[in-house]
Amino acid sequence: MVQTGTERVKRGMAEMQKGGVIMDVINAEQAKIAEEAGAVAVMALERVPADIRAAGGVARMADPTIMEEVMKAVSIPVMAKARIGHFVEAKVLEAMGVDYIDESEVLTPADDKYHINKNDFTVPFVCGCRDLGEALRRISEGASMLRTKGEPGTGNIVEAVKHMRTVQAQIRKLSSMAEDELVMEAKNIGAPIELLREVRTLGKLPVVNFAAGGVASPADAALMMHLGADGVFVGSGIFKSENPAKFARAIVEATTHYTDYKLIAELSKNLGGAMKGIELATLKESERMSERGW
Amino acid sequence: MKIGVLALQGAVIEHVKSLKQAGAEEVVPVKWPKDLDGLDGLVLPGGESTTIGKLMNKYELMEPVREMAKRGVPMFGTCAGLILLANRVQGQDWVHIGALDALVDRNSFGRQVDSFEADLDVVGLEGSEKYPAVFIRAPHIMEVGAGVEVLSTVNDRVVAARQGHLLGASFHPELTDDVRLHKYFLSMVEEAKKAAVK
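Chains as they are written, first to last, in UniProt numbering: chain A, 1 to 294; chain B, 1 to 198.
Hint data in this document are derived by calculation from the structure and do not stem from the laboratory.
Yeah, the Cβ is synthetic: ideal placement off N, Cα and C, and Gly gets one too.
Errors might be hidden in some of the hints.
[Stated by the list, open to error] Here are the simulated lysine to aspartate or glutamate pairs, DMTMM-like style, with alpha carbons at most 25 Å apart:
no., chain 1, residue 1, chain 2, residue 2
1, A, K246, A, E36
2, A, K204, B, D178
3, B, K20, A, E36
4, A, K91, B, D114
5, A, K262, A, E279
6, B, K34, A, E198
7, B, K58, A, E198
8, A, K32, B, D35
9, B, K58, A, E7
10, A, K72, B, D93
11, B, K130, B, D178
12, B, K34, A, E266
13, B, K58, A, E291
14, A, K262, B, D178
15, B, K130, A, E198
16, A, K269, B, D93
[Claimed, not checked] Covered by chain A, according to a simulated footprint, are these stretches of chain B (three or more residues, beta-carbon under 8 Å):
no., stretch
17, 47-53
18, 156-168
19, 177-191
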């Protein structure tokens, strides 16, 4: 018997992306540059996060013609973003044949209390997290892949580092916990106890976890791999740099060979300017995308 | 017995785990040409074939792996790895390793929403239970050359095949706990070692 949309098929799709770089693109031309550079997938968007920040207002699912154009242009998987809680945008993306949906804090949330019930879909979802509780709440809703949130569109890696370190430290802490302590931990971090037990047994999350939100250089990508990321999302970092094709290739190679520092030095030479970036202290609380999601 | 797993991108850890469970003594990740030294077999994992192919060329792994395939070193390609192994790819005028005499069609079952699980009969595996196969944006084999044995099909499409020392599967044996296909590959490695001694 043939079965589609199983947990294994949805999570397995993310397993195949491991060690790779997923790049934000806004048209066919950028998608081809990303594929040519060795991206494992592209995220089709109307605007990259840095431009969403600049534009302000409500950010929604992109115009479907952009996803169509990108799906036609490349043979690698195509992802797209739906607003947090906006299950109709997600159903539309699924109907279009998008390979993975990102229920994303980069867009303006559509629901102030609930995320999408992702178990209800055949297409797999990736969701953002800042800590283990948030990660496990998303998994219990059906997320098949996670990414630490970082702070999108800033080109500043500090939040991505903070979120990845937080998740990894919370996982390590579980290994020394007795069962009664685990029950309180579930209460404290707002995570289902069954999933906490599973994470304690595995010593890691049960799904792939990428880093996102602030990667702007080959060394940034390698840093996130060292901290335990399974791969890297690069949003504004590539097409907001001066030489996107070169930047994209360098980030892909630095992700594969993240322990080879001489190579990363070579890859970082003459790349041209990285995206300008934003110092986090200058962002107002209301401008922080990572605070979105519950 | 020392088996390498190409470790540029994709489901590497899963193959390492399955190979060890199937009885391989030593399993090493392959990132550089020097990592190929002394290997008795090589696994090409699932991942994105375009990404892995580009990195193989960039880091000078393509030629040495082609040479190894010519020398008769057993290789096992799964999903993207099958595409890397094939000597013909539908709609593409170039190939990667180009060793397995087969025409492969990429993403031939559709997009991710069409990815599926199915229980298959696979020729040559121990036991009579069906083999649980996970297909993810999977390719299939449209045509095989004269020396290629078809091991399994789904809806009349060839999804596993063997040509002497080369083994290819459309699906992901590394994503399940059933290691019979990895055992089958290790027996191919044993055969090749014995033949080399003679």
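*List in ascending order the numbers of the hints, as given earlier, that are violated by the structure.*
Numbers 3, 5, 6, 7, 8, 9, 13, 14, 15, 16, 18, 19, in rising order.
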